[in-house]
Amino acid sequence: MKPVFLRKMGAAVALAAFVLLPGAACAAQPDKGDTAWMLVSTALVLLMAVPALALFYGGLVRSKNMLSVLMQVFVVFSLVSVLWFAYGYSIAFTGGNAFFGGFDRVFLRGIADPARGEWALVSTFSKGVSMYEIVFAAFQATFAAITCSLIVGSLVERIRFSALLVFVVVWFTLAYLPIAHMVWFWPGPDAYTDAAGAEALNASAGYIWQMGALDFAGGTVVHVNAGVAGLVGAFLLGKRLGFGREALRPHSLTMTMIGASLLWFGWFGFNAGSALEANGGAALAFLNTYVATACAVLSWTFGEWLLKGKPSMLGAASGAVAGLVAITPAAGNVGIGGAFAIGAIGGLVCLWGVTGLKRRIPADDSLDVFGVHALGGITGALLTGIFNSPALGGPGSVTDWVTGATGYPGIAAQLLTQAKAVGLTVVWSALVAALAYKIADWTVGLRVNEEHEREGLDIHSHGESAYDY
Amino acid sequence: MKPVFLRKMGAAVALAAFVLLPGAACAAQPDKGDTAWMLVSTALVLLMAVPALALFYGGLVRSKNMLSVLMQVFVVFSLVSVLWFAYGYSIAFTGGNAFFGGFDRVFLRGIADPARGEWALVSTFSKGVSMYEIVFAAFQATFAAITCSLIVGSLVERIRFSALLVFVVVWFTLAYLPIAHMVWFWPGPDAYTDAAGAEALNASAGYIWQMGALDFAGGTVVHVNAGVAGLVGAFLLGKRLGFGREALRPHSLTMTMIGASLLWFGWFGFNAGSALEANGGAALAFLNTYVATACAVLSWTFGEWLLKGKPSMLGAASGAVAGLVAITPAAGNVGIGGAFAIGAIGGLVCLWGVTGLKRRIPADDSLDVFGVHALGGITGALLTGIFNSPALGGPGSVTDWVTGATGYPGIAAQLLTQAKAVGLTVVWSALVAALAYKIADWTVGLRVNEEHEREGLDIHSHGESAYDY
Amino acid sequence: MKPVFLRKMGAAVALAAFVLLPGAACAAQPDKGDTAWMLVSTALVLLMAVPALALFYGGLVRSKNMLSVLMQVFVVFSLVSVLWFAYGYSIAFTGGNAFFGGFDRVFLRGIADPARGEWALVSTFSKGVSMYEIVFAAFQATFAAITCSLIVGSLVERIRFSALLVFVVVWFTLAYLPIAHMVWFWPGPDAYTDAAGAEALNASAGYIWQMGALDFAGGTVVHVNAGVAGLVGAFLLGKRLGFGREALRPHSLTMTMIGASLLWFGWFGFNAGSALEANGGAALAFLNTYVATACAVLSWTFGEWLLKGKPSMLGAASGAVAGLVAITPAAGNVGIGGAFAIGAIGGLVCLWGVTGLKRRIPADDSLDVFGVHALGGITGALLTGIFNSPALGGPGSVTDWVTGATGYPGIAAQLLTQAKAVGLTVVWSALVAALAYKIADWTVGLRVNEEHEREGLDIHSHGESAYDY
Amino acid sequence: MKLITAIIRPFKLDDVRDALAQVGVAGVTVTEVRGYGRQKGHTELYRGAEYAVDFVPKIKLEAAVPEALADACIDAILDAARTGKVGDGKVFVMPLEQALRVRTGEMGDDAL
Amino acid sequence: MKLITAIIRPFKLDDVRDALAQVGVAGVTVTEVRGYGRQKGHTELYRGAEYAVDFVPKIKLEAAVPEALADACIDAILDAARTGKVGDGKVFVMPLEQALRVRTGEMGDDAL
Amino acid sequence: MKLITAIIRPFKLDDVRDALAQVGVAGVTVTEVRGYGRQKGHTELYRGAEYAVDFVPKIKLEAAVPEALADACIDAILDAARTGKVGDGKVFVMPLEQALRVRTGEMGDDAL
Ligand SMILES: Nc1ncnc2c1ncn2[C@@H]1O[C@H](COP(=O)(O)OP(=O)(O)O)[C@@H](O)[C@H]1O
Ligand SMILES: Nc1ncnc2c1ncn2[C@@H]1O[C@H](COP(=O)(O)OP(=O)(O)O)[C@@H](O)[C@H]1O
Ligand SMILES: Nc1ncnc2c1ncn2[C@@H]1O[C@H](COP(=O)(O)OP(=O)(O)O)[C@@H](O)[C@H]1O
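Residue numbers (this note's numbering), protein chains in the order written: chain A, -12 to 456; chain B, -12 to 456; chain C, -12 to 456; chain D, 2 to 113; chain E, 2 to 113; chain F, 2 to 113.
A portion of the hints provided could be inaccurate.
Beyond 12 Å from chain E on every Cβ pair, some chain A residues (computed) [said to hold, decoys possible]:
hint: 1; residue: F230
hint: 2; residue: S305
hint: 3; residue: C337
hint: 4; residue: D455
Here are the simulated DSS-like cross-link-like pairs (lysine-lysine), alpha carbons at most 27 Å apart as the crow flies [claimed, not checked]:
hint: 5; chain 1: C; residue 1: K407; chain 2: C; residue 2: K226
hint: 6; chain 1: A; residue 1: K295; chain 2: A; residue 2: K114
hint: 7; chain 1: A; residue 1: K345; chain 2: A; residue 2: K407
hint: 8; chain 1: E; residue 1: K41; chain 2: A; residue 2: K297
hint: 9; chain 1: E; residue 1: K86; chain 2: E; residue 2: K41
hint: 10; chain 1: F; residue 1: K86; chain 2: B; residue 2: K297
hint: 11; chain 1: B; residue 1: K407; chain 2: B; residue 2: K226
hint: 12; chain 1: D; residue 1: K41; chain 2: C; residue 2: K295
hint: 13; chain 1: B; residue 1: K407; chain 2: A; residue 2: K226
hint: 14; chain 1: A; residue 1: K425; chain 2: B; residue 2: K297
hint: 15; chain 1: D; residue 1: K86; chain 2: C; residue 2: K114
hint: 16; chain 1: C; residue 1: K345; chain 2: A; residue 2: K297
hint: 17; chain 1: A; residue 1: K114; chain 2: F; residue 2: K86
hint: 18; chain 1: A; residue 1: K407; chain 2: A; residue 2: K226
hint: 19; chain 1: D; residue 1: K86; chain 2: C; residue 2: K345
hint: 20; chain 1: E; residue 1: K86; chain 2: A; residue 2: K345
hint: 21; chain 1: B; residue 1: K297; chain 2: B; residue 2: K345
hint: 22; chain 1: D; residue 1: K86; chain 2: D; residue 2: K41
hint: 23; chain 1: A; residue 1: K226; chain 2: A; residue 2: K295
hint: 24; chain 1: B; residue 1: K226; chain 2: B; residue 2: K114
hint: 25; chain 1: A; residue 1: K297; chain 2: A; residue 2: K345
hint: 26; chain 1: B; residue 1: K226; chain 2: D; residue 2: K86
hint: 27; chain 1: B; residue 1: K425; chain 2: C; residue 2: K297
hint: 28; chain 1: C; residue 1: K295; chain 2: A; residue 2: K297
hint: 29; chain 1: B; residue 1: K425; chain 2: B; residue 2: K345
hint: 30; chain 1: C; residue 1: K407; chain 2: C; residue 2: K345
hint: 31; chain 1: C; residue 1: K226; chain 2: E; residue 2: K86
hint: 32; chain 1: F; residue 1: K41; chain 2: B; residue 2: K295
Worth flagging that the hints you see were computed from the coordinates, not collected in a lab. Each residue gets a CB set at the ideal place from its N, CA and C atoms; glycine is no exception.
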């Protein structure tokens, strides 16, 4: 395994279309076990958004806003998926500069020629192992779409539906795509054939990739990115009516628990799928995801028990999500011991995030997107830098893609790199988010009116009620 | 990939049992990646019925009938599965005439000899690539079982439970099995070795297969078939008490949304699994399923927003299902551009189906099985004929199974073929359904009495209540 | 396929770490299709616990105790998972004596060396076919964790949360681990190279394995084991307040149905995953799981209809679980005919278990852990002994691991062996359970006080309410 | 003023409300209640356990009306709510000393 | 006639209903309500946010009874509903001017 | 004694309860009800079917109070529950003949 993060050889550089002869033995042809695993992983990430995230969030709002939350996640997920296939994939994963890709794959053109039975292939992290580009594009689509869906949690119970859609289009285009490109775009292992060309190849990769930052499955790209955009939104939207005075109780923690459980289940696709193969690296990422989540459930549960007197189901569920977020950048980048530590620490940090830290932030980040996703993502990104160390059981990372040699620059150095990647993501995401909310506000208005909010978004925005028992 | 639809070499023709030597390299032995993928796909289709379809439907009825809907789907699914293994598989997928198969595989006899470690194999669409017949039979079982479960949506809140079971046994036997045989039974690619025998082999296939109609994963066999049977049932059963006067509101759109989401998730198994391999064709079917569904969510949502003033969660969920239905016959038979179009059109057509068209049909097709499944299935079947064209990015289809050459007869010709297949399915399904409902009426009585219906089927038919908060 | 039960070559005996060269053709390297399948299976078993089992159970309690049940399952699952990786795996699956393993794999040490890209491999049931030990450890973790979660069903609505955790730690360590070791630990097929060593190798296996008892996926280890521990708990805890006088109605059979459906879905990973490969044996186990469950749904439904007058949704869902439990020990150990029989019988036996038998047991086994899991497990274990017979279509079992020859000792002999395995499990589990409950009682007190129980565990133990519609 | 309280079958609510509107009662307040009386409930069976559910779902409808309207109002309810089968429900009439409209502070018949 | 309204603990409902049946009250109507009084509620904590839930679930039971039965009925409720701890609830008695049975149109005591 | 019944907007419940506490009313019982009146409801659309939901969610609050407190209590409710828009609700006052505390058997004003 190449225990590094991601992605594909630039279309302009090395993308090659092979004729697929069924049954023919062709070394470069994708392994069917890999294909099976990646298709399943893609479906699992879709499941994480609809219904898992939608339920996790929806259960936490009042019943009069339940459908609005489900709807926001469902439509944002669909919208971003369509935009992804239209132009997002091309901007994120074809060659361009260190910040943006190009337009070679707009509407996925050239990704397959079904009439001739030809499928474009892309590299994985292993030399000589390829995958269908179709599968890679679909897998990545789910990442883009769930990232935008995550932001919803900060905005619920008051954002205008049309404003959310406007915001998402802008933020997806100007924040998600460049950050994904910066972190994950690189020429792929097969391009590296001799030392001479390596320098130039390195330079063609994304900005943060070039820095050497590690992000296995999206700690920065997904969680920090979304968490920051959420917090900015909470500031700009203002607090919900009655916030701090009335009881804004979850209407169904049962739904929240279902959501958290399905997130755990689906996250195996998210993290272990990010290995791009059904190999030992995927197995490690899988196990680490399992271990860290279980540890975070326990650390949050016992932490809350100690500090607040009672362990709550919402706490256990939140702990699971915190652990999943924290292990995301680390999944294939640390050893099993690292997963124990990252899970336990991630749970405690996020527990503090939604209790201690939250009180000091004068915003209504309604479902704690910042406290769980941004904070968990930052914790995970930094700890990845530490536990990546071979001395701590980690794999280190490939330092020379020609020979496949691995190394580790030392804890301080790697930690600094990780911190820089996080910092850049925070700033970029925040600025673009502010702009995107403003555009939404100018065009359609950010927030529903008071009566509308009081009676619930379900009736007013969507003309329905969630329940009629 | 052979971008055509389905299925296996007739047991009488070419079924061969191999001794499986663990670890031995044997070309004809099923690839483990394929096996993994098909097992997962089979489980995913089961998930589509229980709980996905049951929840999608159940959420739309009043709470006093919730359990009855869950129960109807659960038991119909189980019953048809058992019948499938008992005789259905044999009738649908062994050789006989162009309309019915034979009895060679009754109770799956001969499909495996565990004591000797021998497993019967069947062809996929790729020459030289085989799969365990056990897996094929299980995969197909889920199709039969979910098709019968779909019909429930037209009959809810008033049908007698025993009547439903009687109906299902008859309709499954006389409509589902022959139509599956007509559309999907063929000798398999490996049987075609020289031009001489090809004619005879073609003639041994199912009637609609011989016509050259394309149905990748069941647009006609599953959706048109079920949708028509549902509509006939709605006519024969009569409207629900209070229909058109009282508010028959959904009792939990949350459940409906969970159902729709799980349907989306599971449908990847349904459509991409229908490739029978984890190959490029499966990847294409997967991507098309993803794209079309996301497009249909958007087209329905924006269409409803424009036409009715508000975009609803039920609309978005219905859009997803509409897109999934429409892409079903097309999934591996069209290019990505086709998937965009089919999804967007499918969403709009079904939106019209459940609003405009519905008003003109004087029946209480309670959960719009016709408006979504039949209409979406017909739309998809016809559009498959169009977008199958290589000129529109489609794969065309294999015209000569000896050489594997592909071709396309022209849009008009293919469209006509598709229309004929749809027409035959509509008529066959409607006639058998009418007969089957009549038999149910004569034997046990079709509908519950008025008090029973008023107080709810849960209490009266099943002696339970769904909720006690 | 080697149609026997489980597991890995002892670490001390034959565990070998290979350097994994990506793409390199290495016979001993795990097949990617197998890896994909086993990762999916592992995730599916996790899904069976959270949310499936939690919902199946949660729906059956009153709404004031809903969160407590979800929480108990969620935290027990997480806790046992962590303990498993900490020491459980090592005790269960490394060599030691016939009852306990050793400490070689504490905290999974040596299972992977990511820095060098080395992964320990273990044998499957097929000679020459290996799997990543990481994957095996993760797969088995889910079994341990769900087994302990199952016990919760006997204790709901009254057990003190801390007492449950204390109990689980003790019972897991002293009952689950040794029984798993006794049933599933063996040297693996590759160790058997000549007749001379076979004797010694046999003697290094677990006690029940040596007896020749068959348990494909955990009929005794999981279901009998948990069911007995549950019943003992029901006795020691006492009945719920109002038991037998007040109506203790399920608060949401919808949740119970979702749980049962997801259990069915996930159980494919549980049973077919227990083949450890994506081979014909897995396919058989898959099909048998499907068939038996569908049959059990029907037999329970029709049985209840006949005996009680109405077929209930709770009955159908319980039937599904009963069928799943009964087929668990048998899944890869019987032919398809056996699956039909085991499912149908399992459904009826458990129907009697929760109606007839239950009345004679003076304990409040609240959610019928004994009536469904223990009874279904015993039924399945015994019937496995019968239908394993090649004369009844079963595979028999490997009698000589050097040559791979299979045989069958005769129905009476095998039945006796199965009965002994069951008996030993019943006694061992019961004794350890009694001790573990006592320890919990002495340390933290087993049961909440009356007011606490009356007002609900959600508010009192966890400081939350499940619903606020 | 009188407070008229009617316990009726749930599916009769719309009919009763329309009948009241006919006689000039513009406002009502309804509550979901469960009633126990001659109408027998049903039995539910969950695995082994059989529960008699004696309470039947009913709707309680309350309307504050001026004296003059009381009789017409009662008749309207009786007519609209009747099916003739056991369990049709009851009408209760109570004296109402005062009524006020929160929005305006109006009192007495004006408030209704 | 009197309308007797009792606010009681939910788990006492069956006992109270049986006690009323004993003294000859054959019909009652019950409503799920939430009460606020001396009995204190509980606190719920959702992530950082702490909510005091002051309202306690109660059952409101209404029985229309003939004058003659009123006292026996009140005593029956008091007896059956009492646990002796704060929060046992209240009984209120109000004058009932008229009662009618929807099914038959019967009036007064006959309607009950 | 009087039984004061107020039909109010749900989100005003906390304000009204506090206002009542101010004037010395220590106990209340609340019920979730649906009201029909001048305030119009909303329309819901499920696929083709449009339903007018005429009933609006309201809270019914009942407080038994001593005669002397009745007026202060009414004023407190009117003040706290008012938004000035249609649908603010009503206050009804009824005579209460007797009140008893279940726990102690206390009667009359003592029971409140
Ligand atoms: N004495 C009573 N006090 C209050 N409510 C009553 C009384 N008797 C009956 N009810 C209510 O009226 C409903 C119908 O009464 P029931 O005796 O079943 O039928 P009917 O009114 O047709 O004789 C009951 O469900 C209950 O809600
Ligand atoms: N003045 C009142 N008016 C109406 N309901 C009241 C009043 N006081 C108390 N209640 C109801 O009675 C219930 C019990 O009252 P509480 O003061 O808690 O206990 P206790 O009756 O034992 O003194 C309350 O929850 C509330 O529903
Ligand atoms: N005559 C009445 N009897 C009982 N309740 C009434 C009556 N009129 C109105 N209500 C209740 O008062 C609520 C508010 O009344 P509405 O006419 O909408 O507004 P407003 O009180 O501001 O004029 C209604 O929703 C209903 O619950």
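Here is what the structure says about each hint:
Not every CB of chain E is more than 12 Å from the CB of A/F230 (nearest about 9 Å), against its label as outside the interface. The Cβ of A/S305 sits about 7 Å from the closest Cβ of chain E, inside the 12 Å cut-off, so the non-interface label is violated. With 12 Å as the threshold on Cβ separation, the claim that A/C337 sits away from chain E is violated: the shortest Cβ distance comes to roughly 10 Å. For A/D455, the shortest C-beta to C-beta distance to chain E comes to about 17 Å, beyond the 12 Å cut-off, and the non-interface label holds.
A threshold of 27 Å between alpha carbons decides the hint, and for C/K407 with C/K226 the separation of about 31 Å lies outside it, so the pair is violated. Of the supplied pair hints, the one linking A/K295 and A/K114 is violated, its CA atoms being roughly 51 Å apart against a limit of 27 Å. Pair hint A/K345 plus A/K407 holds up; C-alpha atoms about 24 Å apart against a cutoff of 27 Å. This hinted pair checks out: E/K41 and A/K297 have alpha carbons roughly 19 Å apart, not beyond 27 Å.
Between the alpha carbons of E/K86 and E/K41 the distance comes to roughly 12 Å, so the proposed pair stays at or under 27 Å and holds. A C-alpha spacing of about 25 Å is found between F/K86 and B/K297, which places the hinted pair at or below 27 Å, so the restraint holds. With a CA separation close to 31 Å, the supplied pair B/K407 and B/K226 exceeds the 27 Å bound. Restraint check for D/K41 and C/K295: satisfied, since their Cα atoms lie roughly 20 Å apart, inside the 27 Å limit.
A C-alpha spacing of about 59 Å is found between B/K407 and A/K226, which places the hinted pair above 27 Å, so the restraint is violated. This hinted pair checks out: A/K425 and B/K297 have alpha carbons roughly 24 Å apart, not beyond 27 Å. Distance check on the hinted pair: D/K86 and C/K114 sit about 75 Å apart at the alpha-carbon level, beyond 27 Å; violated. Distance check on the hinted pair: C/K345 and A/K297 sit about 35 Å apart at the alpha-carbon level, beyond 27 Å; violated.
Taken as a hint, the A/K114 and F/K86 pair is broken in the structure, with Cα atoms around 71 Å apart against an allowance of 27 Å. With a C-alpha separation of about 31 Å, the suggested pair A/K407 and A/K226 falls outside the 27 Å cut-off, and the hint is violated. With a CA separation close to 39 Å, the supplied pair D/K86 and C/K345 exceeds the 27 Å bound. Restraint check for E/K86 and A/K345: the C-alpha separation of about 39 Å exceeds 27 Å, so the hint is violated.
A hinted pair counts as satisfied when its Cα atoms are at most 27 Å apart, and B/K297 with B/K345 qualifies at roughly 20 Å. Between D/K86 and D/K41, the direct Cα distance comes to roughly 12 Å. Compliance with the 27 Å bound is thereby established for this hinted pair. Restraint check: the Cα-Cα separation between A/K226 and A/K295 comes to about 25 Å, which is no more than 27 Å; the hinted pair holds. Restraint check: the Cα-Cα separation between B/K226 and B/K114 comes to about 51 Å, which exceeds 27 Å; the hinted pair is violated.
Annotation: proposed proximity of A/K297 to A/K345 holds, straight-line Cα distance about 19 Å (limit 27 Å). For the given pair, B/K226 sits about 24 Å from D/K86 by alpha-carbon distance, which is consistent with the 27 Å threshold. With a C-alpha separation of about 24 Å, the suggested pairing of B/K425 with C/K297 holds against the 27 Å cut-off. Taken as a hint, the C/K295 and A/K297 pair is broken in the structure, with Cα atoms around 43 Å apart against an allowance of 27 Å.
Our distance criterion of 27 Å between C-alpha atoms is met by B/K425 and B/K345, whose separation comes to about 24 Å. The suggested pairing of C/K407 with C/K345 holds, with an alpha-carbon distance near 24 Å, which does not exceed 27 Å. About 24 Å separates the Cα atoms of C/K226 and E/K86, which keeps this hinted pair within 27 Å; it holds. Note on F/K41 and B/K295: the hinted pairing holds, with a Cα-Cα distance of about 20 Å set against a maximum of 27 Å.
Hints 1, 2, 3, 5, 6, 11, 13, 15, 16, 17, 18, 19, 20, 24, 28 from the earlier list are contradicted by this structure; the remaining hints agree with it.
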